[in-house]
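Taking the numbering used here, the leading residue of the sequence shown gets 630, the next gets one more, and so forth.
None of these hints come from the bench; they were simulated from the model.
Quick caveat, the model's predicted, so the values are computed rather than measured.
One should not assume that every hint holds.
[Claimed, not checked] Simulated crosslink set (SDA-like; lysine to any residue; CA at most 20 Å straight-line):
{"#": "1", "residue 1": "Lys-808", "residue 2": "Tyr-842"}
{"#": "2", "residue 1": "Lys-741", "residue 2": "Glu-704"}
{"#": "3", "residue 1": "Lys-666", "residue 2": "Lys-690"}
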Amino acid sequence: MSIRHNEMLTMDSRITLSDKNTMSRLGLGTWRSEPGKVQNIVKEAILNCNYRHIDCAWLYKNENEVGNGIHEALELSQGKIKREDLFITTKLWNQHHVPEDVQWAIRDSLKKLRLDYVDLYLIHWPIAFKNMTENVWSQNEDKTVRYYAEDVTIADTWKAMENLVDLKLVRSIGLSNFKPLQIDEILKIARIKPVVNQVELHPYLNQEELRQYSKKENIILTSYCPLANLKRPNEREEDVSPLYNPIIEQIAKSINRTTPQVIIRWHLQHGLTVIPKTVTPQRLYENSQTI
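Full structure from sequences and hints, please.
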């Protein structure tokens, strides 16, 4: 799917998933958001900027704050915004791939979010760690060894995810950071097909092969790190982020927009859903003005 450059979008614009549920095109990401600021930015997003799609994860350790922000916004809206207006995503962590752990994990997330269900539940990564209490990365003390779960396949985990739909704990299920061959393994056994794959995607990492594959399989791609502002050690931000690309800067200047707005619009025009992260109200508002 793609949209014409002049097609009208609003913050209410939704895309229909393969299971017929609908998902907001632009959302708020919360990965690496500063603790203590998540609740307020979620509240601001929903209440004052008309965001309806909020993305979080068990690993981020911010589901309590996200839940508090959601409930504060709903309360302050005095009934104008309802739970069913929102689209909440969270993710199954690598330590919880064993089928009997999958239901525990979603119930733990729901307890923190104070919700009866989430709209979308994703397998965070296509890899299963050994479940080690107080050690989410399943590593030894000096972090030189990682311990993996034995005798669990991604097919086993997916079947447990499908059961969550049956139990009405989640409405839709999907993937994150999966490649085509890994998705193929799920499609071979799926009773309920994955509706979304959330991946790092931006103009410097356009995932063309995955985009074509996803279109063929009717799987919606969601872009995280959509501005590519994820500097690794020994990298300069201006070398790795399109925020500093002179062509994009020129486009932004010519239409009186910011470079983040131009990049977010690029995602939308390619038929993607996109979840830029911010804890700054001004940037939150600017991102919403993209559409």
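Do the hints match the structure? See the list:
Restraint check: the Cα-Cα separation between Lys-808 and Tyr-842 comes to about 9 Å, which is no more than 20 Å; the hinted pair holds. For the suggested pair Lys-741 and Glu-704, the alpha carbons sit about 18 Å apart, so the restraint of at most 20 Å is met. The straight-line distance between the Cα atoms of Lys-666 and Lys-690 is roughly 13 Å, inside the 20 Å bound, and the hint therefore holds.
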